[in-house]
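*Asks:* Residue numbers (the numbering used here), protein chains in the order written: chain A, 8 to 123; chain B, 130 to 241.
Accuracy of the hints is not assured; some may be wrong.
Restraint-style ranges between C-beta atoms, simulated for each label pair [what the hints assert, rightly or not]:
| # | chain 1 | residue 1 | chain 2 | residue 2 | range |
| --- | --- | --- | --- | --- | --- |
| 1 | B | 151 | A | 91 | 25 to 33 Å |
| 2 | B | 208 | A | 59 | 30 to 38 Å |
| 3 | A | 23 | B | 156 | 16 to 24 Å |
| 4 | A | 10 | B | 227 | 16 to 24 Å |
| 5 | B | 183 | A | 25 | 43 to 51 Å |
| 6 | B | 144 | A | 59 | 43 to 51 Å |
Rather than coming from a laboratory, the hints here were simulated on the basis of the structure.
All figures in this text were calculated on a predicted structure; none of them were measured in a lab.
Glycine is no exception: its CB is placed at the ideal position from the N, C-alpha and C atoms.
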Amino acid sequence: AQSVTQLGSHVSVSEGALVLLRCNYSSSVPPYLFWYVQYPNQGLQLLLKYTTGATLVKGINGFEAEFKKSETSFHLTKPSAHMSDAAEYFCAVSDPRYSSASKIIFGSGTRLSIRP
Amino acid sequence: SQTIHQWPATLVQPVGSPLSLECTVEGTSNPNLYWYRQAAGRGLQLLFYSVGIGQISSEVPQNLSASRPQDRQFILSSKKLLLSDSGFYLCAQAQGPSYEQYFGPGTRLTVT
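Generate the whole structure from the sequences, applying the supplied hints.
*Replies:* Written out as structure tokens, the structure is:
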């Protein structure tokens, strides 16, 4: 069965430092993978997605993620953190059992804090 | 581009009262629609999804129900609210084979 594990419920980095949010998945078939960001009291916004092709995916706000099949990982990175990056981040994987319903499975989320 | 509206933005209701949350989608047709709930400090819980008018699939048995009376309208209801129904309710839509879902702004429900 598909599942998503986000390592670290809370990550804190200094402004200007590298951001690394970890996501590992399990999937019985080639997955589609997503990262979403949620600011307080708002809906989720799609940061980036991997479907097929190039394994390094670039998203909005300077974020990128690399699909590593051998490691079953899809970690999110940003070279230099900005105060505005403080938010909750969710990794998600497609559930092929429900392809017609486009169901995806979300990780439990990682709260990113930025220190001045 | 598609836009998702949720109404109301915030709601405070007493235990035992009914509930109706509305989600409407613009800029697309025949989308898949979803209701999620986020309890305080928790992740996303899928409650219902719909692949078409009148077609509702329930993920979690509870005192909530959903309906899709029109192609781009999705309603979440309850006859009697429980304290445990408090949370942030999110509507989402998806279309096509790429699975990506797009979310509305959410409704904050507090049951007192």
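*Asks:* Run every hint past the structure and note whether it holds.
*Replies:* Hint-by-hint comparison with the structure:
no. : hint                         : result
1   : 151(B) <-> 91(A): 25 to 33 Å : holds (31 Å)
2   : 208(B) <-> 59(A): 30 to 38 Å : violated (45 Å)
3   : 23(A) <-> 156(B): 16 to 24 Å : violated (38 Å)
4   : 10(A) <-> 227(B): 16 to 24 Å : holds (20 Å)
5   : 183(B) <-> 25(A): 43 to 51 Å : holds (49 Å)
6   : 144(B) <-> 59(A): 43 to 51 Å : holds (49 Å)
Figure legend: structure checked against the earlier numbered hints; hints not met, in rising order: 2 and 3.
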